[in-house]
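Residue strings, one per chain:
There are 2 protein chains.
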Amino acid sequence: MEKLKTDYIYRKIAGNIEKKIMDGVLKTGDKLPSVRLISQENGISISTALQSYYALESKGLIEARPQSGYYVTHCTRTLPDLVTTSQPNNWAGHEETENIIARVYSEIGKKGNIQFSLGVPAIELLPVAKLNKAIVHALREMDDSGTSYEPVEGNLRLRRQIARHSYTWGGNLKEDDIITASGCMNALANCLVSLVSKGDTIAVESPVYFGILQLAQSLGLNVLELPTNACTGIEIEALEKELKNNKIQLCLLVSNFSNPLGSTMPDEHKKKVVELMEHYNIPLIEDDLYGDVYFGAHRPKSLKTYDQSGNVLWCGSFSKTLAPGYRVGWIAPGKFKEKIIKTKLFHNISSTTLTQEAIGGFLENGRYENHLRKIRNTLHGNSLNFLRTIGESFPDDTKVTRPQGGFILWVELNKNVDAFKLYEQALKHKISIAPGRMFTLQKQYNNCVRLSYGMHWDEQVQEGLIKIGTLTKELI
Amino acid sequence: MEKLKTDYIYRKIAGNIEKKIMDGVLKTGDKLPSVRLISQENGISISTALQSYYALESKGLIEARPQSGYYVTHCTRTLPDLVTTSQPNNWAGHEETENIIARVYSEIGKKGNIQFSLGVPAIELLPVAKLNKAIVHALREMDDSGTSYEPVEGNLRLRRQIARHSYTWGGNLKEDDIITASGCMNALANCLVSLVSKGDTIAVESPVYFGILQLAQSLGLNVLELPTNACTGIEIEALEKELKNNKIQLCLLVSNFSNPLGSTMPDEHKKKVVELMEHYNIPLIEDDLYGDVYFGAHRPKSLKTYDQSGNVLWCGSFSKTLAPGYRVGWIAPGKFKEKIIKTKLFHNISSTTLTQEAIGGFLENGRYENHLRKIRNTLHGNSLNFLRTIGESFPDDTKVTRPQGGFILWVELNKNVDAFKLYEQALKHKISIAPGRMFTLQKQYNNCVRLSYGMHWDEQVQEGLIKIGTLTKELI
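Protein chains in written order, with our numbering: chain A, 10 to 485; chain B, 10 to 485.
Errors might be hidden in some of the hints.
Just so you know, same-sequence chains aren't split out, so a pair can sit in one copy or run between any two.
Unchecked claim - Lysine-lysine pairs mimicking DSSO-like chemistry, simulated, CA-CA at most 30 Å apart:
1. 351 to 119
2. 183 to 351
3. 346 to 119
4. 183 to 120
5. 346 to 120
In short, the hints are calculated from the structure, not lab data.
Keep in mind that this is a model prediction, so the values were computed, not measured.
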C-alpha cells in the first residue's frame, strides 16, 4: 500500500510539471524548483521528489546539470494539435483500399527497415526472459504440461487474473464473465460471427484499424464509417442518427487510445454510448486493446464500466503488452456469453493451453503490473521524443495527435501531399510508414500517415523521422 | 535403411498371421509355427521373426506358453461386421441434435468417468516429456523465444516438415503449399469461411462428426448428408447425383478412418471423387485428421494424392497424435491459397508461435515417426481388445465396424435400443458414451453409439465395456 501511495504522489507531481512544459508555461532552459523544495512543499521524502524528476528526465523533458539542478529541455515549439473531426462520406472505394493494404503488407516484415508502420511493440519492449520462465513453470506445474484441451471458456487461472485486473477500470468481472480468444482480432472475429451475418451493417470509427475493415468484408458485412474526433472518439450524434434510422445491426468501437487516431472517449461519452446502444438494443463490441498502456495517473475506464445490461462485449489481448506470438486475448461477452462460447467451440475447440497458463501465472505473480509500469514509461518517453522531432523537422502546417496512451501517432500533412507517394519515397530510404488510405474504405485521409512509436528510441529512429519530414517538404 | 527394411518385413509377417486369425483360419488355441521356422521360411534373422510375434502378442492376438511356443488367444467369435450403407433422409431435426450434443458435452470432461465418448487420445498415449523438451528447446533457439507473430502462413520449420511428411501418402508438397491453423477444426472453419457463405449447401458423410455439423450451422450453411458405407465411405453415385443437379457448393469428406464410421475410401474412390469435384468445379475439403494412425503396413493415400488442379484443400492436425492443447493444424489449400491466407489473417493474424516451432523441431528430429509407431501399436491393440470384449459381452445382433486405423468404433445395437437411454444408464455407472443421434441432423442412428478406444487398456476399461453390453441387454 505504501508503495502504491508513493507511486501515486511522484506521478502526480511529474504530471503537473509535464503539463506546464507541454502548455508552454515552463520553457526550454527554465530552471526547475530544487528537489528539496519539491520535497518540503509536498510533504514528501527527498527520494520521492527525486523520483518525479527521474521520470521526467527519462522522458527527455528535463535534464540534470551538475552542481546546478534540473532544467527544461523539451522543445515546446508546438505543432498544431489535431483535434478535428473526420467527415467520412461512405463512398465505396473498397478495391483501392485493399490494394494499398496489400502493398504495405508486402513490405511490412522486411528486416533492415525502420518500422514506423507496425502496430506491435518491438521485441526490446517485451519481458522475454520472464515470459520464458513463466512457460517453463507452466510446463512443470500442469499435470498434462499443457498438452490437453482447455475448457472452451479458456484457462481458469488466466480468466481469474483478467477478471481481477478489471478493477483497474472500475470493472467488477468474475472468472465466469471471461472467455479467452487467440488474440484480440480473433476475439472480434468471434463476436462478429456470433452476432451478425452477411448483408448486415456495422458502425465503426473513421479512420479505423484496417484489420477491422478486412474482417468485416471477409464476413460480407457492410461497414458504416462514422465521424470521429481525434481527441474524443466517435461523434455520438452521428451514431444516434444511424440508430434512429435503424441502419445498423452492431457497433464496434476502440474506446481507449484508438488505432489510428489515438482518441479516448471521455467518461460521459462512454456512458452515453452504452446507454444509447442499450436503448436501441444493438450489441456494442468494445476493442480495448490499448487501455493498459496509459500515460496518465490512472487507466481510463472502459465502455464495459458503464454496462448495466450485458450489452457490451469487452475485448482485449496481451499482444500489445506481453507477447503477440502467444495469441492470447479475451472477451467479456455479457449477455451474449452462450453464443460466444458456441462460436469458439465450433471454430477453434479451444485456445492454446500453455501460453494461456503462462500468462495467467505472469499476472498472478504481479509481473504484469511491473512490466506495464516500464513499458508505459518507455512509450510515453517515445511519444514525446516523436512529437519533439516531428515538431522540429516536419513542415509547419503538419498536424499531429497527442494521444495519452498507446503506440500510435496520426499525422495530417499538407493537403497537397499524397501519403502513398510519401510511403513509396520513404521505403527507398528503408523507412516504412502506414499511409492514411489504409484506414478507410473511402477516398479519404490521402494526406495522412500513421506512425508507430512502439520501439526503442535511438538516433537511427530519430533520423528516420527527420527523413520523413524532409521527404514531406519535397512533396509539397 | 536397414531398420526400415526390417520394420517392413516383421510387420508384413505379423500382418499375414493377424489376417488369418481375423478370418478364422487360425483359431483360439491353435499353435503357431516356431520362431526358427518363421526365420528360415522368410530368410530373416531370429530376432526379426521374434519381433513379429512380439507385435502380435502386444495386440493380445497370441500368447507365449513357456517351453511350448506361441498360441492364438484372440477370440474369433465374430460379431456381424458393419458394412451397411447409411440412408440419410435429410429431414431437419436440428434442434433435437443440438440438445443431445449439449447434454453429452455437459458431462464430457467429468473426471472419474470412463471416457468412451471422447475423440481425443488420453494423456498416457502422448509423448509429454519429449514435447516439453521440444518447447524448452524452441524457447532457447528462437531469437524472440516465440513472443513475436509468425508470418501469416505459419512457422516455416513446421510447414517444411508437414510438406516433407507428405511423402508418406504419395504427396509432393512444398513448404509454400502449407498454411498452418489452430487445430483441424480451425482449418475447416477457415476453409468454409473462405469458400462458402450463408445459404450455401455443403455435402458431407452420414453419420458425420458433430463438430462439422455445428460449424456449418454456425455459418448459416445447409448440410446435405449423403449415404455412406461403413467400409468405403461416401457413396460416389449419390454425390454425383447432387453435383449433376447443381445442389451443392462444397463437399467436405473425412477420407481416412473417418469419425464416427471408421471408413476409409479405397484408392479408386478417392481418385474418382477428386475427378468428379474437379469436373463440376466444386471445392473439396479433405479432413485427413486420422490418416497417420493406420494399423496396416502403409499410410493410406489422401484425396490430395490425386489432386491435379489444386481443387482439394487437405486439412490435418497434431491434436490426435501429439498434443490437442497445442492447437496446431494445417491446410494445403491448393488453388485457394490466397483466400485461405486472407481469412487466417483477418480472423487470427497468426497462430501460436511457440507450439508450432516445438512441433516443427519434434518432426525434424524424427521423434514424430517414432511416436507414431508406438501410438499406432497401442491403438491397434486397443481396437482388438475392444472388438474381443464387445464380441464376448454384447448381444448377438450387435454390429460393429472394424476400422483399420484411428480411434473409434461405431456400434449398431438392436433396433429397439434407444442409445440415448443407454447413454443415461451408462452415465449412472460413470461410463460416458456418444449416442448416434449426435452425428446427424436427422432422426437417425437412434440405436447406434460411438466408442473411442484412445486410452490405456486396463481392467477398468474392460469392465466398463462389459457393463455397456449388460445395460444394452437390459434395454432390449
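Verification of the hints:
1. 351 to 119: between (38 Å within a copy, 19 Å between copies)
2. 183 to 351: Classified as within; 20 Å inside a copy, 35 Å across copies.
3. 346 to 119: Intra 40 Å, inter 22 Å, cutoff 30 Å: inter-copy only.
4. 183 to 120: between (42 Å within a copy, 24 Å between copies)
5. 346 to 120: between (42 Å within a copy, 25 Å between copies)
In terms of the numbered hints stated before, the structure departs from none.
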